[in-house]
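J.: Given next are the chains, with one letter for each unit.
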Amino acid sequence: MRLLPISALFVLALAATSLLIGAGGLSPAELLAGGDEGRLLLLASRLPRTFALILTGASMAVAGMIMQLIARNRFAEPSTAGTVESAGLGMLTVTLLAPGAPVLLRMLVASAFALAGTCLFLALLRRVPLRSPLVVPLVGLILGGVISAISSFIAYRYDLLQSLGAWTTGDFSAVLRGRYEMLWLALALTGLACVAANRFTAAGMGRDFATNLGIDYRRVVAFGLSIVAMVTALVVATIGMIPFLGLIVPNIVSLIMGDNMRRSVPYVALFGAAFVLACDILGRVLRYPFEIPVGTVMGVLGSGIFLFLLLRRGARAG
Amino acid sequence: MIEISGVSKRYDETVVVDDVSITLPRAGITAVVGPNGAGKSTLLTMIGRLVSASAGRIAVDGLDVATTPGARRLSILRQDNHIVSRLTVRDLVAFGRYPSSKGRLTRDDAAHIERALAYLGLEALAERFLDELSGGQRQRAHVATVLCQDTDYVLLDEPLNNLDMKHARDMMRLVRRMADELGKTIVIVLHDINVAATYADRIVAMRDGRIVRSGPPEAIMTSQALAAIYDMEIEVARIGDRMLAIPY
Amino acid sequence: MRVRAPSPRAVLILLGLLALAAAAGFMTIGLTGRLDFVLPLRATKLAALLLVGYAVAVSTVLFQTVSGNRILTPSIMGLDALYVLIQTVVVFLFGAAAFGAVDARLVFLVEAASMIGFAAVLYRWLFLGARHGLHLLLLAGVIFGVFFRSLSNLLQRMIDPTEFVVLQDRFFASFNTIDRDLLGLTAVIVLLVSVAGWRMRHVFDVLALGRDAAISLGVPHRATVTRVLLMVTVLVSVSTALVGPVTFLGLLVSNLAYQLVRSHRHVLILPAAVLIAWICLVGGQVALERAFGFDTALSIVIEFAGGIVFILLLLRGGLR
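Chains as they are written, first to last, in this note's numbering: chain A, 1 to 318; chain B, 319 to 566; chain C, 567 to 886.
Next up, chain A with everything else stripped away, as it sits in the complex (with noise of 0.2 Å):
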């Protein structure tokens, strides 16, 4: 297969791009020349910019990914299963409640959250009759809304929307040496994800199979389910929530070569990489010098990516 190298390539030269283009009011000539000035911009805010949209569009879509083939359909990921508002909550009650905690509790209480809102949309599935594939996303979409609703009121309440703001809408421009480390931890996660592919490939079977292949399947969607809630909980604290990535990339990949988690996995983590720093840099040069957040371009392209996937499935199912 030569598509792969083909696909790095390509995440490099977006990269590239992104660590040249930007606010700072240097041009890429001036940035290249290697002066303090140009060395400052480019370590302290540029190269962590890029890295840190790397890391969350690969681990987002492979989380995405993990979602669908736990749930068993392909609608499910972070931002249609209440996990990401879930994520939101969490870090709204520890910033109430302990507003000095270390960063790393922080993270892990949002975790905690998210993985519960995430067992209570598998737990709500297992009630709904007649289960539409439809219905899951719709299900995941409203209680996001519900527990949104949550956190609005509590933010309202203690004067604390600004912050809420910004765990809902992705955005990178506050990006600085420092402030994006943990995003390092969330590949990691994916990358123990990866380790486990074939165990996902084959819960995403059913339960049956898993177990008639000697898979202790609860372990397995145990497994799955907290790393995509710790991925999401690291995005969602240090970005802010970046809807439908890991939807619309996964989907596209299987499009393409199937459902092997084994053999797609690489593609799925390049190419949702190379979709955050695409919709990235868009947002930089679309309304130059400001920038749009990610966030906002993201939800326009995942949403009408969406509405393509679905009215396409549509007609070919009707």
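Keep in mind that the hints are not guaranteed to be accurate.
[What the hints assert, rightly or not] Partial pick of chain C residues on the chain B-facing surface, computed with a CB cut under 8 Å: (1) VAL668; (2) ALA670; (3) VAL772; (4) ASP778.
Since the hints were made in silico from the structure, they are not lab data.
Fair warning: this is a prediction, and the values are worked out from it, not measured in the lab.
Even for Gly, the Cβ is constructed at its ideal location relative to N, Cα and C.
Given chain A, work out where chains B and C should sit, using these hints.
T.: Same frame as chain A, now just chains B and C:
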């Protein structure tokens, strides 16, 4: 009289009804039979103006169904009648008067409703909600609505679906009575050729969107004709004065 | 044995009394300062809430009648998000300067007209091509809503940030910045729609039986559905122009109305839904604003309660 001339129905590339022409006379029961996908229901729904024809013309008593509103001449009952509103049987039957009363019921309308309820033996159930009834009772309520609409022509699309043997027989006897006592012209899509042969005056047999045979039951109930319709060997037995198709 | 439900008439009277009590509470509780200033202020706000409640309740019930389902609502299908998008596009294209001089009512009429155009195309396609199936219709509607919202968001970001702050208050209404300029005009529009609706009240009952039954009973289905969707679109424009999108209010009030009024007749269901909407909006506003001291949380509470109702409806098999 229902005149169908050169009628076709296409969905994209698939032809469901293919250039059908036939005239169904006034009065009596016409049964439409044929294998799955033959286009029976589609033809019926085109006569009932639920679906528009891709080509051709359908006229009832000389009036084109595509251009004349016909709710006082012709009524149609489909097989799937899911209703979201919480209706009592009487509420539902009362809707049969809508074409003439437009929602304001007169004393005459009330009499019609009572008669329709009585005809189907629904008096005791009149105030019950539809979702509290059994499948057979609900089917009767829908037929009562059609009866209450009091049209000369009544189209029924597989009314025996989901009915057990006894209820199916009762339903067919009722349809027969509607034709004989009330002088209705009834076109009914049926699955079971034996039911059609027992109760209908005429049988129209379709296959692949075309009419392959039509005529009185005696003409259809031959091994040769049935083979042409269903593409399988079917024995026809004669028991007393009745004919029975035995496919197994 | 079945418990005998209270008669629809009794339910309507009770709801009417509650709505009246809410309105009275809204006008009188916590009155301080100069009455000749405070009372007219409250009266206009009350009028706006009543108009919005009316428009949301009627549009939702009619939409559900036409679609034959009690879980679809215009706002869940993204119709109010579409209005906000059109509004944003208008502001984006012409800028704040051009609008300084123009009457807000004229802007509303232009926006409502384009809304009708767009919504007609979109929803006729979604509805009459209902071969797609209900689940797809619903999910596509929800995602269309997200798409419209995201696109508005993006366009709002494209507007000069300083200019946008000015525009936001003027053009994007919410429960705390109710657009009072439009009260008179929207009241007249709602009245016209209501007259048309009153004349069709028996047709609504027939439409609720489903497409096939309606056609068999002589209702020209396609034309009637188009007319009802037109009325729904106008009403959604009215309510969104006055207070912005409220996604779940319609779902909440229509389903409460079906529960309380055990009848299929729109002559009874529609007034009940309107009264419940008034109780929710005005009563909720009184409770939150005067009793708890929150002033803008009403829409959040509605989203919360409505979302839970939606999930409960799904759990109970509301989608067949």
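J.: Which hints from the list above does the structure break, by number from lowest to highest?
T.: 1 and 2
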